[in-house]
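Asks: Using the sequences provided together with the hints, build the complete structure.
This is what each chain is made of:
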Amino acid sequence: MGLATAFEAFAMVDELEPSATGELVVSGSEGPRGAVFVERGRVCWAAARGLARRLSRLLGARASLEPSAMESIFLYCKERRVPLGEHLVTRGVLRPEDLRVALLQHTVESLHHLCAHDARAAWYPRAGAGYSPQFTFATAELFAHIGAVTHAATASRLEPVLRASFGDGDWAAAFVRTNTRGFPEPVATHGAVPASASTLLRIGKWAATALDLTRTFTDDGALLAVTRRTRGANTCLVAFRSGDAFVAGETCEYGPGRILNRRAQLRRMKGVSDADL
Amino acid sequence: MESEPCMKDALVGSDAVALACMDTRSGLLLEIQTRGDVAREDVELAAFSAAQLCTAPLEGLPCEEAEEPCEESFVASAHWIHAFARVPNRTDLVVVGLAPGDANIALLRMWIRRVAERVDLRP
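Here the protein sequences come in this chain order: A and B.
Position one of the first sequence corresponds to residue 1432 (this note's numbering), numbered consecutively onward.
Position one of the second sequence corresponds to residue 2 (this note's numbering), numbered consecutively onward.
Hints were generated in silico from the structure; no laboratory data involved.
None of the values given here were measured: they were computed from a predicted structure.
Do not take every clue at face value.
To be verified - Example chain A residues on the side facing chain B (calculated, C-beta under 8 Å, incomplete):
#1 Thr1630
#2 Ile1634
#3 Trp1637
#4 Thr1645
#5 Asp1650
#6 Gly1652
#7 Ala1653
#8 Val1657
#9 Thr1658
#10 Arg1659
Unchecked claim - Only part of the chain B face toward chain A is listed, based on derived beta-carbon distances under 7 Å:
#11 Leu46
#12 Gln53
#13 Ala57
#14 Pro58
#15 Glu60
#16 Phe75
#17 Val76
What the hints assert, rightly or not - Derived CB-CB ranges, DEER-like:
#18 B:Arg36 / A:Ala1583: 48 to 54 Å
#19 B:Leu29 / A:Ala1584: 42 to 48 Å
#20 A:Thr1581 / B:Arg36: 45 to 51 Å
Yeah, the Cβ is synthetic: ideal placement off N, Cα and C, and Gly gets one too.
Replies: Below, the structure is given as structure tokens:
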């Protein structure tokens, strides 16, 4: 299967069984480029030719280890086939949150190298290395992280908007649409968004289409709320524009009222239109 | 469908300034009632969007187009509130009510649900 973008790699992972463990091996016309390692349907990390030592450099920098000390730990882990990052956490030289950030950065950088012109991927089931789920990633998280890095300024603006608009137990994602991508890109998330990048994208496409429709009969700042029954309770799927981006999320029955109230308050205080909030 | 008297009655005594009924299967606008200086065209556009705006994506299915019809929805802006409700036993029919932006959304939603129920009771 062809892989022109990282999203296509995520879509392949999303189509696997939830228990799937193995490698998505990526090749180009020049030969093998690397692989994406998957355990129980979650991405552990990705390796790309030319970036072999990048992860140990990222980990070494976060653990403040001298290159020589890092090298000996790297060789120790390689010989014993122990995950390097988790070994550093176990030894207490690296904080778990720093390992997660380094793995996320490395995985996204590797995917950028892997998923380019003429890339093709094939799935090979393998026994897992036993990575802790704490240090693995849902495809939606990786998808949103790529968007956040690519559109950093927009992401920084939207994170507080999501926090202020949605409460505990809600989830939401902010998306941008650009001329370079044929689909909305998630740039910021709040709460437990759907784990699958494919589902997150479907939510984004649904919101983009619905907001385009509302534009034909009302103003740009409109909020759409659709009531649906989820796990025995009524919830609301909401969508609204915020500046050059838009937001889609799920909240409780009273959530849309809270968002509308916040927008009305901001309108009064700042005198700006809803679409700019 | 003989919904006209029912729809006319419904509009009287409510905050709503327009009411429409859309058959989302055939794409036919079955009825539209307005009052005051509401642009009929805007109400029609809202009604024509009813099928999409009263639908949510279904999660957990591989099909990209998998969507579920939802009982109700609304679109609220500073100027207008559009409330949509599916007719309970004829879910292809969606009624749409329009009220000014300062109307009470909860009351408008309750009203449009009642209108949908009344449409459902017609022979």
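Asks: Does glutamate 60 of chain B meet its interface restraint, that is, does its C-beta lie within less than 7 Å of any C-beta in chain A?
Replies: holds, 5 Å
Asks: May I ask you to test the interface hint for leucine 46 of chain B with respect to chain A, counting a Cβ-Cβ separation under 7 Å as satisfied?
Replies: Holds. Min distance 4 Å.
Asks: Quick one, is the alanine 1653 of chain A hint okay against chain B at 8 Å, beta carbons?
Replies: holds, 4 Å
Asks: Holds or violated: the hint that isoleucine 1634 of chain A contacts chain B, with Cβ atoms closer than 8 Å.
Replies: Constraint on isoleucine 1634 of chain A satisfied, holds at 6 Å.
Asks: Identify whether the interface hint at valine 76 of chain B stands, where standing means a beta carbon of chain A within less than 7 Å of its own.
Replies: holds, 5 Å
Asks: Have a go at the threonine 1645 of chain A hint: is there a Cβ in chain B nearer than 8 Å to its own Cβ?
Replies: holds, 5 Å
Asks: Can glutamine 53 of chain B be said to touch chain A, with a Cβ gap under 7 Å?
Replies: holds, 6 Å
Asks: Between arginine 36 of chain B and alanine 1583 of chain A, does the C-beta distance stay in 48 to 54 Å?
Replies: holds, 50 Å
Asks: A closest beta-carbon separation below 8 Å is what the hint needs, so does threonine 1658 of chain A meet it against chain B?
Replies: Holds - the Cβ of threonine 1658 of chain A comes within 8 Å of chain B, reaching about 5 Å at its closest.
Asks: Would the hint on alanine 57 of chain B stand, with a C-beta cut-off of 7 Å toward chain A?
Replies: With Cβ-Cβ at 5 Å, under 7 Å, it holds.
Asks: Hint check: is the beta carbon of valine 1657 of chain A less than 8 Å from a beta carbon of chain B?
Replies: Check passed: Cβ of valine 1657 of chain A comes within 4 Å of chain B, closer than 8 Å.
Asks: Tryptophan 1637 of chain A was flagged as interface toward chain B. Is the shortest Cβ-Cβ separation under 8 Å?
Replies: holds, 5 Å
Violated hints are absent here; each numbered hint is respected by the structure.
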